[in-house]
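Under mature numbering (1 follows the signal peptide of the UniProt record, and there is no 0), the residues of the sequence shown are numbered -20 to -1, 1 to 212, in order.
Some hints could be false.
To be verified - FRET-style restraints, in silico, Cβ to Cβ:
{"no.": "1", "residue 1": "Leu110", "residue 2": "Arg152", "range": "16 to 24 Å"}
{"no.": "2", "residue 1": "Thr153", "residue 2": "Pro100", "range": "38 to 46 Å"}
{"no.": "3", "residue 1": "Asp82", "residue 2": "Asn193", "range": "17 to 25 Å"}
{"no.": "4", "residue 1": "Lys69", "residue 2": "Glu104", "range": "14 to 22 Å"}
{"no.": "5", "residue 1": "Ile11", "residue 2": "Pro100", "range": "16 to 24 Å"}
{"no.": "6", "residue 1": "Glu77", "residue 2": "Ser122", "range": "28 to 36 Å"}
{"no.": "7", "residue 1": "Ser122", "residue 2": "Arg194", "range": "39 to 47 Å"}
{"no.": "8", "residue 1": "Thr153", "residue 2": "Ser12", "range": "42 to 50 Å"}
{"no.": "9", "residue 1": "Lys158", "residue 2": "Arg96", "range": "35 to 43 Å"}
{"no.": "10", "residue 1": "Val55", "residue 2": "Thr153", "range": "26 to 34 Å"}
{"no.": "11", "residue 1": "Glu155", "residue 2": "Leu110", "range": "12 to 20 Å"}
Stated by the list, open to error - Quick list of in silico lysine-lysine cross-link-like pairs, DSS-like style, CA-CA up to 27 Å:
{"no.": "12", "residue 1": "Lys165", "residue 2": "Lys105"}
{"no.": "13", "residue 1": "Lys69", "residue 2": "Lys158"}
{"no.": "14", "residue 1": "Lys149", "residue 2": "Lys165"}
{"no.": "15", "residue 1": "Lys105", "residue 2": "Lys69"}
No wet-lab data here; the hints were simulated from the structure.
All C-beta atoms in this analysis are idealised placements derived from N, C-alpha and C, irrespective of residue type, glycine included.
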Amino acid sequence: MILKSLSLPALLTITIIAMASQSSCRHKPDISYLRTGDLLFATSHPNADGLDQAINDVTQTSKHTDYTHVGIVEVDDEAVWVIHAAPIKGVTREPIESFLVDQNVVDAYRLVEEYREFIPDAIEKAHALLGLPYDYTYMLGSGGHYCSGFIYTIFEHYGVFDLEPMTFKDPRTGEFHKDWIDHYKEMGIEIPEGQPGCHPNGLAGSAVLRFLNRVQESVANKPISFLPFGEY
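Go ahead and model the full structure; you've got the sequences and the hints to work with.
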């Protein structure tokens, strides 16, 4: 047989090319169902640092979600974009394909009907904030923005989302999470325990949002995969 006459490196090359081709065809994104104003909630990437896990540990709700990041979708004639506040990048607008590379599991949510009229103004506000730095203090009004604080801010005028007292304590021990202690010690400021704020798990549990479907499965288990859903 021809395959028997091929060297091991040649066989490996053929296999890699075939797998890449198959993956490219099988996992081509279908994101036609996403609308401007949809929110994408993400869990920690497997390679993320400990602070992502610390965020999830101290922000659990009755919904038992594990989100550590959130961004808002904008759809135009050119592409599907995600506007979000992220470490290093700050407040940025990037194609959804680029956004997904840095995320693990990603779920899509949509505002209930009565709040959708505020989306155009929220997107305009989001554009006005592009380029601002990421807020590593996680305190609203500090001059920068963290992910959920950014979403709260762009809808703030209409009172879409609520703030709640923040906690940085591990619910299992009642003590401050070690990663938060290290984070604020490095910044040289006190932990803002009890200050008003918000977080991805809290936003996802809001009564003004409805879960749509999973956009991306775990990158630890499979390549990027989009799951279409019925019209909502």
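Each hint tested on the structure:
1. The beta-carbon spacing between Leu110 and Arg152, approximately 38 Å, falls outside the hinted interval of 16 to 24 Å.
2. Separation of Thr153 from Pro100 is about 45 Å and conforms to the stated range, judged on CB atoms against 38 to 46 Å.
3. The hint said 17 to 25 Å for the Cβ distance between Asp82 and Asn193, and at roughly 20 Å that hint holds.
4. With their beta carbons about 21 Å apart, Lys69 and Glu104 fall inside the hinted range of 14 to 22 Å.
5. With their beta carbons about 20 Å apart, Ile11 and Pro100 fall inside the hinted range of 16 to 24 Å.
6. With their beta carbons about 31 Å apart, Glu77 and Ser122 fall inside the hinted range of 28 to 36 Å.
7. Between Ser122 and Arg194 the C-beta distance comes to about 33 Å, which lies outside the given range of 39 to 47 Å.
8. Hint check: Thr153 to Ser12, Cβ distance near 46 Å, so the stated range 42 to 50 Å holds.
9. At about 41 Å, the beta-carbon gap between Lys158 and Arg96 stays in the expected band of 35 to 43 Å.
10. The beta-carbon spacing between Val55 and Thr153, approximately 44 Å, falls outside the hinted interval of 26 to 34 Å.
11. Separation of Glu155 from Leu110 is about 38 Å and departs from the stated range, judged on CB atoms against 12 to 20 Å.
12. At most 27 Å may separate the alpha-carbon atoms for a hinted pair to count; Lys165 and Lys105 exceed this at roughly 33 Å.
13. The hinted pair formed by Lys69 and Lys158 meets the criterion: a straight-line CA distance of about 25 Å does not exceed 27 Å.
14. Our distance criterion of 27 Å between C-alpha atoms is met by Lys149 and Lys165, whose separation comes to about 15 Å.
15. The straight-line distance between the Cα atoms of Lys105 and Lys69 is roughly 18 Å, inside the 27 Å bound, and the hint therefore holds.
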